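Colleague: Listed below, chain by chain, are the residues.
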Amino acid sequence: MHRRQLFTFALVLLLALTICQVSAWSTHRKPKHLPGFHLVKKLPKTMVAGSTYEVTVRFRNPKRETFRMNAILEVTEEQFEMGSGEFFVTATLYAWETPPPKHRHHTRHQEYCDDLTFEEDEAGIFNSTGLVRAKTHNQLTLRISSVPNLMPDTYTFTLTVTLQYEE
Amino acid sequence: MNKKMLIAVLAIALLVGTASAALLTYFGRITATVMVSQSVKLDGLGYPDSMGVLDEVSGVAGSQIHGDLHWLTNANPDKDAIVSLDSTIISGDSDGLTIVPKFRLDAVVGEDNDDLFVIPPTTTWGAFVSVSFDYFITEDSVYTNTPHVNIALRDPDTGEANCLIVSNEMPTSKDEWLTVTFTKEWIEANSFLAFGSIADTDVFNSISIEVADGSGVITTEQVQTVWVKNPTIRAGSGPIPLSWFRVPHYYEGCNVPALTVHFVMGYDFAMNAAAGERTVRTEVTYQGIYTQGFTWTP
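Chains as they are written, first to last, in this note's numbering: chain A, 1 to 167; chain B, 1 to 298.
Chain B on its own, in the form it takes in the complex (with noise of 0.2 Å):
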């Protein structure tokens, strides 16, 4: 019996050996140290340095008051990001204080990838409740043209534009501001031309905001500055705490740069609001990167 095992174990010995030997490696290797920086940056910052916005903000009752200008850059070569304002009122008294951050939109003037507005694909439409911007419409601009700014929605199987509204608010002096609001029922708003059916779908992804005057954009002396205020999502309906927007990448084709987003943080306070000054940190976050039809990478 034990002869039997013996000569077993040496069979399996000599059979691993011969298996094994048939084994030949070569192998190479090489090594890269890589810096590796952030693709959005707030006001030339990225994190840990910065990423928020620290406002102390005092306002009468009845007023809105503005935060300093921002900016934000996407260094990314190809693609576009998605970037969220979350804020938060760190001191003072919260009641009648409505934090709305607004957009200036010279960031997307004439371009077909110009959703600006991200929202995420389980929002529907009856979750909407507004979205409004304001015009300036400054000395060196043209004036006389017939400024307009085109709102769609896109449909997130598709990337197709739902519906676009179109405003077509004249300005009549140089400087002037123009306050447009439109509400869940802007195609029935008189003011605008409507094209298509917001009853086609109630699911959408995006919002595109597009501002050019009434000949096309050529030149930045064409764009009308516009600051959009974010659309407003009915609460519960999605995962928006305040907004999340579009930092678009460089495209070389279009004759105003679409590297840059400037925004400030508007704090309306409500008449009723209390006396007092607040603290209101803003966190800027870099959720992603935008494709059309909103696939997200990964």
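Looking at chain A on its own, in the form it has when it is part of the complex (with noise of 0.2 Å):
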């Protein structure tokens, strides 16, 4: 075979190869919707500044994998400019290969058991990531703080945990 008729078929072939991969990135980075996330213990309505209240939520590990885990905590206020410094997350992330307790928030007998850092990336937006063993089923209980002279309004947290496998 001549030279330039090897050298097109490689390019390509390795132009075909270059799209399917692509086309499978494309197909994949779709996020799918997280099997089992549910709440388990809500926040209350109504919040006294200063004090520290949880929320639980639950959901499975889609895969029998270590992944790594995004927990990013929203807060926003309804008619003031959010401030730093304003609230304070810590959680842990409970875990279990069998099906926990239904009782709920349920801690005891978990058979993994992770405290989480949350960073205050920007004014209000709480981040926290890293690698979690493969357990089946997950527990992430966050513990919103916030400054005794927070300003009276209505504030609205989001909460998004996002699961990254490495295939």
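Hints are not guaranteed to be accurate.
[Unchecked claim] Which stretches of chain A does chain B cover? Using the computed rule of at least three CB atoms under 8 Å from a CB of chain B, they are:
no.	stretch
1	37–45
2	52–60
3	149–160
Rather than coming from a laboratory, the hints here were simulated on the basis of the structure. Quick caveat, the model's predicted, so the values are computed rather than measured. Yeah, the Cβ is synthetic: ideal placement off N, Cα and C, and Gly gets one too.
From these two lone chains plus the hints, build me the complex, please.
Modeller: Structure representation (structure tokens):
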């Protein structure tokens, strides 16, 4: 085979492979809904500034693999602009291989437990990222504290949990 | 050269495509809307509706007059609050007028956590001038018992009371005001019993003032009405313009609800005070959460 033909063949092959990979990437990149994601303990309708309140969610690990979890809590204020350092967030991740007890936010007998650190990246946006061991059932409990002189207002809390797997 | 570059670009594109393809993402999201209310309120109102007292005072030289009764409540379910009072004379002559907030000690009776006045950790004993209080022995109180007031200075490191001074004034009638003033030389006062030593340390972070009758407080009827003037700190010695004090949360184990702190603003007119009306605005500011040992959160 002529050298030019060989080069053209190789070029076409590489292009085809790249297109296939990008196509697959596009398909896989589309986020899927986290299985079993639900609220176990919700925030109260009213909060007193300076106190700590918990919110708990559970979800299932869709693959029996270690995953990277990214949890983002976004706090917005209705009337005023959010400032930094108004809230503080800590969290604990509990995990079980078998379904945990159905008691609300039950944390006893967990097979895995890890305290998570949330950093306030921007005013009111708290981020925690880390690798999580492969357990099927997971429970994330967030403890949300506010400064005592927090402005009375209506606040909206949005928690987004993202799991990423490397295939 | 061009061919090599082209191959290199394609190879990188292939690698990027392969690497990107490895990410598989799942996500879940919840949203909640919450009303946040203030933990400390003045006369039932929080900021921005009110967290201040406005008094128009006109007194005779050499007299003391009081403003209206106000109250502070702490809605926080599990933490005490530190509140500061800062007064400003917004009209009238400031010469010869001393503003003295006075607190009724019916909120912290008989409890261990009775640090009513809080002092920043940098304040030294040498900065103190005095603290004083008035008893009013009301008719329905158990006036036959000896009322006493415990005053303790707390060590910021251990939280332990370093010095305890107990007053033992005996009322002589049913309705009587007793005015007691402790100065820096408290321990030398003959009419009081003193335990411990103030010489062990020169830094304190709180004064606790506790009132009780001689046999221990059981019901509200046994509480003597005591109004405490804020501890006087020498100017420039600490960041206390007027007064910092504690608004306790409700404690179920206490027979006396510890949810409300009553106070009045006192206005002392010096003998040489000029005549005329003054308007005084006192701001009440929520400074933070109180914990033993004066650890601020955050």
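Colleague: Output the indices of the hints that this structure fails to meet, ascending.
Modeller: Every hint satisfied by this model.
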